[in-house]
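**Q** Listed here are the chains, written in short residue letters.
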Amino acid sequence: MKPIYMDHHATTPMDPEVLDAMMPFLTSDFGNPSSSTHIYGRQARVAVENAREQIAALIGAERSDEIILTSGATESDNLALKGLAFRQTAGKGHFITIATEHKAILDTAEFLKKQGFEVTYARIDSYGVVDLDDLRQQIRKDTLLITIQAANSEIGTLQPIADIARIAHENGIVFHSDAVQALGRMAVDVVKDGIDLLSISAHKIYGPKGVGALYVKKGIRLQPLLHGGGHEHGMRSGTLNVPGIVGLGKAAEIAGRDLATESQRQLQLRERLRHGIESRIELVRLNGHPQQRLVNNLNYSFSFVEGESLMLACRDVALSSGSACTSASLQSSYVLRAIGVAETLAHSSIRFGLGKSNTAAEVDHLLDLLQKQVKRLREMSPLYDMAQEGVDLENYAWSPHDHHNH
Amino acid sequence: MDAWDEYTEKVMEHYENPRNVGTADNANGVGVVGNPACGDVMKLTIRVEDDRIVDAKFKTFGCGAAIATSSMVTEMVIGKTVTEALHISNKAVAEALGGLPKIKMHCSVLAEDALKAAVDDYRKKTGKTDLATK
Ligand SMILES: Cc1ncc(COP(=O)(O)O)c(C=O)c1O
Ligand code: FES
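Respectively, the protein sequence lines represent chains X and V.
Here the first sequence is numbered in this note's numbering, starting from 2 and rising by one per residue.
Here the second sequence is numbered in this note's numbering, starting from 6 and rising by one per residue.
There could be a bad hint or two in this list.
Selected chain X positions facing chain V (in silico; Cβ < 10 Å) [unchecked claim]:
| no. | residue |
| --- | --- |
| 1 | Arg88 |
| 2 | Glu309 |
| 3 | Leu331 |
| 4 | Trp399 |
Far from chain V, some chain X residues (derived; all Cβ distances over 12 Å) [unchecked claim]:
| no. | residue |
| --- | --- |
| 5 | Val192 |
| 6 | Gly308 |
| 7 | Arg379 |
| 8 | Ser382 |
| 9 | Tyr385 |
Honestly, the hints are just simulated from the structure, not real lab data.
Predicted model, so just to flag it, every value in this text is computed and none were measured.
Glycine included, every Cβ here is placed at the ideal spot set by N, Cα and C.
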């Protein structure tokens, strides 16, 4: 039997309604929306424009032509940053972001640095929330863009995007937000929040993989990443992924339609899980903000227990961990490190990502598993013993080679 | 990727039912190796009588492979002389478990290091000076 899926930050299953909407465009209605000479093309074009409106409606965009369709949020993030950078004639200009952004932002920012641009990482607090005073301080005359996510995919922390937007605009700076994790889980409104560029991914909102969008506020010019047939007002060439786009549109429509009920339901499940963990298991620590966090996210460190072994013990439920032992690079989560979580606690972290399919019974089953397995693994943990004996684990002489002299 | 998809049945069996968890009674050799910052710490306690390891117990903070190799190494050393035990390599422990995923081989080094550290400690305590490790 497949495990219960509770890793909805990584991806979400496609909604059957979305698949139904897509099916005709994979088979009978296969036209290229650029073909204007026959019904096949026109049908496809209508479907794409309808999807654009559905996407615009989810984020409160006034015009559907502000939606640029992409291959996913990685491309959207790249297009936002590089598109703005390379509209400059020379490699000049300054970007501000934070250290807990998705790699699609961080690696793009590092790439731009190599091209001569400058990047500043504004200070964040121990919950991962940006320090607005520091953000103001980091602004320079040549600052082109502030890019700060709406919500974090590991620790669920929400950013004060409306405040950030105000600070950006007071200084004539463009504001981009990666809202991949926030959409469908909280209200996002590009007009009210003052967002100029916003990244969207379909597969995080129960749509298909490999399709996304970038909202580009009217009047903002970007240099395209892909040159060719001049699609998407020349901002993104390439024959449109019609079935994917229709799927994204439908997923956006459903996300908007179900937002109030589904976010409330997931919030209740989250609180059930939170109270269960905190009342039934000792020595746990919540990573991320206690209140300003995604309705579907929890991230706990279970002291003295390594994350992979705990996930293995709870393998009835598909989860993820910030432990180095689960990553090919053998590095613990950069997000947890960026908010100052000690390495030991990063190794002990588990991320819970609730979604539409999850139920209270599943949460209760997980709680039983966690309680039992954390206890079992702690009984096996030398760190738990040492802590009980009062050893200061942070300052213990851990070097693996010093066992000659203790 | 779930690394444990690549764990052998034997690894899973030792992970689920680890042998010799705890602290050996009247232990005369203790090895603590690893570093919580690297994700793994193993504590191995042994009791040596007449140069033979009569008991070995472990406590491990680490992934499933680290726990399984810890369990296996205790099974392998009990009954062996100290010198015989020192010939047990991390590869031998991994082989006894039917192999480990490549990215998990480093976890078995912990077991070998803990064994050497425990023997070193025993030899120091009993006045022997020929240290097992370099
Ligand atoms: C916050 C955030 N941004 C960007 C991405 C990348 O999205 P995509 O998989 O559509 O390229 C993800 C998904 O991992 C994400 O969580
Ligand atoms: S203990 Fe970290 S990978 Fe095995």
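**Q** Could you tell me which of the hints above the structure violates, numbers in ascending order?
**A** 1, 6, 7, 8 and 9
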